[in-house]
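Trainee: Sequence:
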Amino acid sequence: MSWFEIAMPLLVGLIYLFVPGLLISAAARLRGFEAFGLAPALSVAAIMLGATVTPMLGIRWALWVPFASAVVLAAVILLVVLVGRWAGLGSAPARSHQGRWLPPQRSVVASAWWSKDQIAYWGSFLVGALLLWRNVTNAIGQPEWISQTWDNSFHLNAVRFMEDTGSASPLTLGAMTTVEGESTFYPGAWHAIVLLITMGSGADIPVATNTMAVVVSAIIWPLSTVFMVRQIFKLNTAGIMVVGAFAAAFTAYPILLLDFGVLYPNLLGIALMPAGIGLVAQLFRMVAVRRISTLQSVVLGVWVALAIAIAHPNAIMSLLVMIIPLLLGRVILNFVTSFKHRAYWGAAGATALSVALIFIVMNILWGVVRPPQAAGEVWGPVLTQGQALGEPFTFAAMGFKPQWFLAIVFVIGLYTFTRRANVYSLWVLGAWAVVVYFYVAARSLAWEDGRYEVVGLWYHDSFRLAALLPVMSIPMLALAVHWVAEKLVASRWWQRTQWESARRMLVVGAVALFAVVGFGQTSTALQNQVEANYYEYAPDPESDLLNTDEFDMLEALDEYVPEGETVVVQPFTGAALAYAIADRPVTAYHTIYSADNDVKYVQDHLNQALTDPQVCRALDNLNADYYLDFGRAEVSGHDHSSWYAGFEGLAESGVLTEVHREGDAVLYKITACSAP
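Under our numbering, think of the first position of the sequence shown as 1, with each following residue one higher.
If you're looking for bench data, these hints aren't it; they were derived computationally from the structure.
Cβ coordinates follow ideal geometry from the N, Cα and C atoms, glycine included.
Warning: the hint list may mix true and false statements.
[Claimed, not checked] Calculated cross-link-like contacts (lysine-lysine; reagent style DSS-like; alpha-carbon spacing at most 30 Å):
| no. | residue 1 | residue 2 |
| --- | --- | --- |
| 1 | K340 | K234 |
| 2 | K669 | K600 |
| 3 | K487 | K116 |
| 4 | K116 | K234 |
[Unchecked claim] Quick list of simulated restraints, FRET-style, between CB atoms:
| no. | residue 1 | residue 2 | range |
| --- | --- | --- | --- |
| 5 | L383 | R503 | 45 to 51 Å |
| 6 | L89 | D164 | 44 to 50 Å |
| 7 | S636 | L357 | 40 to 46 Å |
| 8 | I59 | G174 | 19 to 25 Å |
| 9 | L357 | A112 | 31 to 37 Å |
| 10 | W114 | R503 | 21 to 27 Å |
| 11 | E648 | N138 | 41 to 47 Å |
| 12 | V53 | A347 | 36 to 42 Å |
| 13 | P372 | T394 | 31 to 37 Å |
| 14 | N623 | L383 | 46 to 52 Å |
Between the sequences and the hints, there should be enough to build the whole structure, so can you do that?
Mentor: This is the structure:
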């Protein structure tokens, strides 16, 4: 299948990830790049509002629901903004005025759907989108291939579960892997949107999933990063032009999360994070240019935060720890201003109180969101502290080869900060340092030194933290290019030319963009990652989750198993994907699940069905007449055969009759319980 054939799923995905959010941002009186930059997060918020409320109203998940919830949200936000402005709570828009990138403007720049100053930002986004489209599609291989990883059974089956139950609520998704009648929260934004793509385009679940991966990685991520840099700094044209190209140059994100896990919810959450950070910076006025008013920042920020949280809770917690330097900087700045002018004490106190409340909430959430220690005990320290510290500075996270070009540009960015930074921008370096601290802790901190307390929130997993490193590295890299371009344009050589300053800057920007694209995309580390990920996805006779025979079996399964019949499976072998791919219920939908009494009895005693009538009663309760045998090879090379004693020697037990075979993958009918 060609990537050109995903045009319809791609269009549906873009509609659902932009149209609801644009409606909401427009209602808040945002226009242009600001409206588009926040649209994906606001769309996710609208989608999940509808997903959560509709089951409570007895309404099945449908294509119209996100638009209905977006209309409701937009109406509420429009009312709040109008009332707020009438009450004098909003910052009045004002015409932009010139200034360096450091000093903040007190007034909000007038917003427009299109203006000349947006051209460079849209161009930067487009470059990043094209590069990431190339990299991500090459890394995935084919639209119908799947990630051959541990968690993918859950993610693909979750989409089918939402479709069958008619509920896309994160409050009910956990029921897929629990005993009937029980449920737990699971961040299901990713799965709800994939289901919308499936329903709206007719694409099967693997194709819809890969389409979503491309949209998030190649559209939302570069747009979000360009939006963030636009909110934080006032860069020259060269600095703006390279932001998207830098977003496409990392091994740490997004392809890392498509390879490991697979961590689809984290992929979505991190893609939305830069937009959230940019909005927080605007809210606390720690920016070079005021583009979004305080009122707009508050009413939209609530929903952006909820979207990031419901994409994945540790994404919003990551955002909170990253903005600690920003919050502290704002408090310090307010009190310094108050002491200097002997005024504004009320504003300083209110800001300090709000920041204190944020820290209190953060502390509470740290304990609530953090999973039990046992959930991530497999991820222990693997490096010394010095070794771990070297990785983010050389852009060699998770043991990849160093990306020396990025490292050199980053050093220039650090130098620029020492020369140009002030309290309004220094928090950017602080936010990057916070992420480095947690990453180094995940790679090196021993259990007895508080590993669980420090990085338990991320399951002690350095992959999840490595993926955060690019978020605040990108502003530093862009700032380096800004500074170099500024020096070059002002140099004596350029002064001899008759070109005006803007033209000189455009030429320097084009050269800088060519360099970033050339060196960034040809780095050995990135090329190796794309190639390795390709072979991880490509199905072959030795594939980790589903080999070629097993794929063929699942494609043919609906010809042999009647609709509604449950298939007995050993989920670690990949057989659980009969649910997502063949649309047939299975006894276990993921490797981590709670089995009810009937399922457990079948797993323990199926090979005794000829002599144990309780096995047949359990099978009857489950409506299970088929067993899918994918052999003993398990995902990630594990061996859980002892958990499934009833599946040992089944082929020779007389309990089964072979129905269909694809190589070593065999579908059996359970005939031991058939009436004579």
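Trainee: Compare the structure with each hint and give your call.
Mentor: Consistency of the hints with the structure:
1. At most 30 Å may separate the alpha-carbon atoms for a hinted pair to count; K340 and K234 meet this at roughly 26 Å.
2. Restraint check for K669 and K600: the C-alpha separation of about 19 Å stays at or below 30 Å, so the hint holds.
3. Restraint check for K487 and K116: the C-alpha separation of about 24 Å stays at or below 30 Å, so the hint holds.
4. Taking the CA atoms of K116 and K234, the gap is about 15 Å. The hint holds against a cut of 30 Å.
5. Between L383 and R503 the Cβ separation comes to about 49 Å, which falls inside the hinted range of 45 to 51 Å.
6. Roughly 46 Å separates the CB atoms of L89 and D164, a value that falls within the hinted 44 to 50 Å.
7. A hinted range of 40 to 46 Å for the beta carbons of S636 and L357 is consistent with their spacing of about 43 Å.
8. For the hinted restraint 19 to 25 Å between I59 and G174, the CB-CB distance of approximately 20 Å keeps it satisfied.
9. Under the hint 31 to 37 Å, the C-beta atoms of L357 and A112, about 35 Å apart, fit the expected range.
10. At about 22 Å, the CB distance of W114 to R503 agrees with the hint of 21 to 27 Å.
11. As the Cβ distance of E648 to N138 is approximately 42 Å, the hint placing it in 41 to 47 Å holds.
12. Taking the beta carbon of each, V53 and A347 are about 37 Å apart, inside 36 to 42 Å as hinted.
13. The hinted range of 31 to 37 Å is satisfied by P372 and T394, whose Cβ atoms lie roughly 34 Å apart.
14. Remark: the range hint 46 to 52 Å for N623 to L383 is upheld by a beta-carbon distance near 51 Å.
Violated hints are absent here; each numbered hint is respected by the structure.
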